[in-house]
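Asks: If you read the protein sequences in the order shown, they are chains L and P. Just so it is clear: in the first sequence, position 124 is 111 by our numbering, and no numbers are missing. Just so it is clear: in the second sequence, position 287 is 274 by our numbering, and no numbers are missing.
Hints may be right or wrong, so weigh each one.
[Said to hold, decoys possible] With a Cα cut of at most 20 Å, we get these calculated EDC-like pairs of lysine to aspartate or glutamate:
| no. | chain 1 | residue 1 | chain 2 | residue 2 |
| --- | --- | --- | --- | --- |
| 1 | L | K35 | P | D49 |
| 2 | P | K231 | P | D213 |
| 3 | P | K83 | L | D79 |
| 4 | L | K107 | P | E22 |
| 5 | L | K107 | P | E5 |
| 6 | P | K171 | P | E55 |
| 7 | L | K(-4) | P | E5 |
Hints listed in this document are in silico derivations from the structure and should not be mistaken for laboratory results. Predicted, not measured: the structure shown is a model, and the values here were computed from it.
Protein chains: 2
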Amino acid sequence: MRRSQLFVKTRRDAPSDETARNAQLLIRAGYIHKEMAGVYTFLPLGLKVLNNIANIIRKEIDAIGGQEILMPALQIKERYEKTGRWDDKVVDDWFKTWLVNGTELGLGFSHEENLSPLLKNFINSYRDLPIAPYQIQTKFRNELRSKSGLMRGREFLMKDMYSYAISEEQHKAFYEKAKLAYQKIFDRLGIGGQTFLTSASGGSFSKYSHEFQTLSKAGEDTIYLDRKKKIAINKEVFNDEVIKDLDLTRNELEEVRAIEVGNIFNLGTKFSEPFGLKVLDKQGKSVELIMGCYGIGISRVMGTIAELLSDDKGLIWPEAVAPFKIYLARLGDAQDTVRAAEKTYNELTEAGVKVLYDDRRDASAGEMFADADLMGLPLRLVVSQKSLQEGSAELKNRTSESTQLIRLDKLVETIANNQ
Amino acid sequence: MRRSQLFVKTRRDAPSDETARNAQLLIRAGYIHKEMAGVYTFLPLGLKVLNNIANIIRKEIDAIGGQEILMPALQIKERYEKTGRWDDKVVDDWFKTWLVNGTELGLGFSHEENLSPLLKNFINSYRDLPIAPYQIQTKFRNELRSKSGLMRGREFLMKDMYSYAISEEQHKAFYEKAKLAYQKIFDRLGIGGQTFLTSASGGSFSKYSHEFQTLSKAGEDTIYLDRKKKIAINKEVFNDEVIKDLDLTRNELEEVRAIEVGNIFNLGTKFSEPFGLKVLDKQGKSVELIMGCYGIGISRVMGTIAELLSDDKGLIWPEAVAPFKIYLARLGDAQDTVRAAEKTYNELTEAGVKVLYDDRRDASAGEMFADADLMGLPLRLVVSQKSLQEGSAELKNRTSESTQLIRLDKLVETIANNQ
């Protein structure tokens, strides 16, 4: 993409009411725009990052048998009355609305009450199980305060999967598969090393739920981490019994702040029983289905990456989520510079390399370099009179200080091999 | 995909409260699930169709310089007060909601009031223009009645683009490009032949707006069509003056019902003036930007295709939007049949052909064939004891009565070439 055709500009300062580092950086770099607290517009580059994250999640979830669907935001009151979740005293972050005829509706904060009644139409036998429908969909949560940028949204993109099983063993087997898939997802997203499986409160159907917590001072959670064993306990359930239960030792645990980027939960029959979602098992006995739920906040992950992988110059995207691999800066508008930069842009693009080409005539080298750092693309490539004297372009990693000259005729192969 | 792993089943009958043909067929074939009037869940195959449609639109819109972004559903009251669109008497299909602190919000039915204030941050000069941000996003419209299936949703997926120009000529040039892109889109979606550019009421800033109307008895609009010239007039502006203006002849016009699948509109300065969105032109004069808007209802297009391209047996998807190219039916579970079917499935899949493989052991040939027709994939391929006696599989087009035997060793090349 040509920078001259991008309608977005970078900014020196974030809005004064934006206190979260992730949002400050993302706004300054032109990835998002703040509409109100907890509500953002994703600008062209921000949407590319969001989609890249979603696609990594999609692939790993498909690989364990997830089936993607899309459920609506508008929610039917009666279903939530059945599960006891309509009352604002029970669920305190509802957005409610109504039809012209006065019928009350809610905006979905989670979708158990959609999916269980839907599945009654399709699941008749143990042979139909296990299944795991999921969606990548916009959630609405009426947070009282929302000051953490993309990390606590009132409207945000989420991957939510729901598994249904005929038995506790079948449930457990899928639950463990999902756990592994989650770790793989966070690895691919570039935050695996700082993300830890954390036991948290389990509710009525199992002792623990499991969170994936990414270490960050900006996190809203406190966890107790065993770095060697790579597991943690959420403060909400931290006590001697739990420490013993997880085979940990108190003085090897470190108290740290963390961001909950994912969670998995055994819901038992909480959302199958109220909807009569049961089938005959192999022995011909009618059994209520056992349900698990598995969430990843996609926009929250984007905020987490921005929060963690950044320095005083700006963002540092891992290649897997970066909107482009290369920031190509053209210095000056001498004819041969323009010609060489255009050729480089075309060749790289044709080779399938994603390039943001800064072809602006009114920007200085300093402005271009500052933008390249702020926007945080993995590589910066400079075509200038000086580099052309060597028949080369100058390549720099976002996180390195040194540059290297790459001969223009070797550029495509060099860059295609550069990780 | 293996049919045995798809949690969705086809149904003999649609819900009794569903009167629209498109929704009846799509529900019976397992593409969508009705939540309430005008609100549907997209099941795995339905979501694939929706995404295929969205991707065709995305490519053609990108090709004319559209820049994809994603704006939120939650809308700020003050902005709509500025444009006079907050009042329910002015916009009668609002969904309204509120924050915990009592602040009223709306759910977006269109996004002019989002985008114009956003662009004030980025557009400073005539050099920044023209631009055309667009999104593929969920809209909310509180329709009093919603009985047309996917064709009139209360919550639905829409592509909405907004162009901003410095002058009437610049606006007009982009408007004409968008018109051509729209025709291309409907051609690629398989409904181009039945879709006609229709002049409709224009509002304060131009004599006409333009709709793309697809002929269908199920349509809610009446248009007067000149089939030779391939243009039409919407009933709402149909009079002698308009007929003359468009150089048409009254007795060559045919009154027909049609579905509005897209529209393009000159908004003038209606949504730039209230937000002070103006820049200096080349002569240094401060100018309010001229705006166009360009909508395509993506889920409505899906409903329109279902309505038009179907017969008494079921759906007939054009290949460009079909969730799979082939319905592969395996008849019987003799060892060599299973082996040949598995091999066929794997080979086609590896060759990049999208196959829905009916590997169910408990379904009869009749059930499989009925499902293949109902689901409407372009090709049906049968592997059976009988076909294997000829070293072949039996191929049939969805719309043809005749079948042909294709040797298994020629299958991949034959199918890859079959349009």
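Asks: Take the hints in turn and mark each one as holding or not.
Replies: Hint-by-hint comparison with the structure:
no.	hint	result
1	L:K35 / P:D49	holds, 14 Å
2	P:K231 / P:D213	holds, 13 Å
3	P:K83 / L:D79	holds, 18 Å
4	L:K107 / P:E22	holds, 13 Å
5	L:K107 / P:E5	holds, 18 Å
6	P:K171 / P:E55	holds, 19 Å
7	L:K(-4) / P:E5	violated, 48 Å
The earlier numbered hint that this structure contradicts is number 7, and it is the only one.
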